[in-house]
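> Protein chains in written order, with my numbering: chain A, 1 to 429; chain B, 430 to 612.
It is possible that part of the hints are untrue.
Claimed, not checked - Pairs of lysine-lysine, DSS-like flavour, derived with a Cα cap of 27 Å: (1) B:K541 with A:K342; (2) B:K567 with B:K489; (3) B:K541 with B:K567; (4) A:K342 with B:K567; (5) B:K479 with B:K541; (6) B:K479 with B:K489; (7) A:K342 with B:K479.
Stated by the list, open to error - What the simulated footprint calls covered on chain A by chain B, stretch by stretch (three residues with Cβ under 8 Å from a Cβ of chain B suffice, anywhere in the stretch; the number is not a length): (8) 99-112; (9) 164-177; (10) 250-256; (11) 291-299; (12) 352-366; (13) 383-390.
It is worth saying that the hints were derived from the structure and are not from the lab. None of the values given here were measured: they were computed from a predicted structure. Backbone N, C-alpha and C define an ideal beta-carbon position, used for all residues, glycine too.
Spelled out from the first residue to the last, the chains are:
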Amino acid sequence: MKRWTIATICLVLAAGASWGTQRFRPPDLGERYAPPSQPAPAARSQAMEWVDLGVLAVALAFSAHLALRTRRRAWAFVLMLAALAYFGFYRAGCICPIGSIQNVALALSDPAYAVPLVAVLFFVLPLATALFFGRAFCASVCPLGAIQDLLLLRPVLLPGWLEAALRLPAHLYLAIAVVVVANGAGFLICRYDPFVAFFRFAGSLPMLILGACVLLVAVFVGRPYCRFFCPYGVLLGWASRLSRRRVTITPDECIRCRLCEKSCPFGAIREPNAEPGVPTARPSRARLAGLLALAPVLVALGAWGGWRLGAELAGLHPQVALDDRIALEDAGAVTGLTDASKAFREAERDSESLHAEAAQIVHGFQSGTMGAGVYIGLVVAAGLLGQSVSRRREDYEADRASCLACGRCFAYCPREQVRRGAIGAEGPP
Amino acid sequence: MTPPPDKLTRRDILRRGLGGACLLGLGGAAGWLARPGGGERTLWQIDPHKCIACGNCAVKCVLPESAVKCTHAFSMCGRCDFCFGYYRTPGKSDTGGERQLCPTNALIRHDKHTARGDVFHEYTIDDALCIGCGVCVKDCGLRGNGSRVNCNECSIAAACPSQAFVRVPAHRPYLPKDEDRTA
């Protein structure tokens with residue numbers, strides 16, 4: 001009943017405002033006068049979206065073929081440049097599979113949002129490719145990867161433990177971005193895309209500085225955004241672990257010559273940990289048991305941290321930010337009005353309903369971030385277990401999850417040189 | 430012992446099974462999201478009753494030239510002799526450039542005559558020049574504001590202080606501020 005009363009008052013107020021707007025009647029210009037029509041700017045043709053999708057599909061197929069069959073870095077490099085030109089500079093970095101995570105997450109959480117079919121397919125296609133052929137998308141289709149790869153001039157190898165620890169921000173970013181978009185507070189991944197300002201030749205100063213910093217780091221550390229921040233890279237890493245076929249350093253057999261050992265700027269080559277014929281030492285049972293016991297603690301810690309973070313993160317939602325501001329203004333803690341609080345007061349909305357709305361949004365955020373915290377706890381626990389349980393490896397192998405299929409290591413392998421006919425099977429001519 | 434390459438290990442079977450399940454899951458999710466009637470295709474639009482003409486539209490768009498364009502609801506326009514959206518106030522009724530409000534000279538004034546011979550003015554907006562700053566909207570208590578943006582997330586919507594940016598059904602892309610809607 002109360003709601004209806006408020007709604008009626010609002011309607012009357014709105015109607016009053018509209019009477020106020022019609023202060024001057026249009027003059028009678030006669031029968032022959034026709035007012036000009038409103039111009040309707042044409043949107044980009046929807047057919048072009050399917051062209052984008054076609055380009056993506058062809059590039060993915062080509063990239064997988066180059067990494068698994070042709071095994072030529074030069075062609076992959078050419079494809080990478082083409083993808084950078086098309087998806088980066090021509091399409092100005094939009095649409096991309098990394099951002100499409102948010103379209104899919106929003107569509108799953110908000111049934112009123114009509115997700116474009118092309119956005120769903122942009123999300124699915126690289127993941128499906130990774131399930132068959134590994135990270136062909138990262139190799140030479142992603143414009144964000146390409147712009148960093150081009151600048152990788154003085155690669156520095158990071159120690160393994162640092163590499164593993166630095167991978168955590170990507171999981172955190174994925175979890176936070178999904179929570180934020182599912183609660184209707186915007187597309188975080190698009191907003192903080194470090195390279196899109198370069199693709200568009202326009203952007204805010206902080207984003208340009210951030211992008212320049214990432215590119216500067218990319219000169220020394222191979223693809224820092226891809227390895228340590230890319231949320232889609234996390235999903236592709238999982239898919240790639242399950243892939244049917246994988247990138248191999250050698251075309252046939254590994255002769256453990258160690259020539260490829262330092263060839264990967266992304267730290268994706270795993271050294272052999274066992275001699276052929278020698279049985280592997282069993283990992284310590286006590287350590288494993290300790291880590292397994294630690295896992296629930298980590299998960300609980302993540303859930304608690306997530307719940308605490310939720311209230312802070314909810315400030316990204318405009319309603320919550322407005323509610324905070326209104327509360328401060330009403331308490332007399334701040335002077336003056338922001339644009340948002342001015343608009344709120346001009347609309348004569350009541351602060352109680354705003355507060356109730358904001359509280360609901362904060363609660364939604366807290367449930368989401370608690371789930372995200374559980375996820376992070378599981379990731380940390382799995383990472384620790386992964387560090388202490390290693391599978392037996394007798395050859396140099398590309399790591400399933402972190403190999404970007406760029407093809408840099410191929411040329412280092414003497415067996416590959418034999419395959420290409422550059423050297424004979426017995427050695428150099 | 431490394432198994433011979435042609436033999437399926439337990440790990441391979443597990444991997445293929447999981448991979449197949451993921452593929453099915455992806456396909457199922459895509460199919461469910463693409464189901465017909467899942468929601469109507471929408472466009473970004475400004476609600477003129479919420480807009481406070483703060484000027485963010487002119488500068489917050491990711492495009493070098495803002496995608497927001499002011500449009501004119503002619504059914505509401507009084508065709509005033511002294512248009513507050515056209516002239517600076519205080520000002521006088523001539524077309525001297527220094528008197529005009531629009532920073533890009535996108536507003537064009539045309540003379541129209543009534544049947545009795547009185548002169549009235551019709552104001553049109555040149556889309557190519559309009560930067561969506563909204564100063565004419567702010568000064569004119571009569572006119573509405575309409576735009577289209579074709580975007581993943583509209584950056585201006587994120588920056589709009591009055592949350593006047595709303596998604597509207599694509600078949601009804603404009604929200605003109607006119608008599609029909611306010612009545």
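> Could you tell me which of the numbered hints above are not met by this structure, giving the numbers in increasing order?
Violated: hints 1, 5, 9, 10, 11, 12 and 13.
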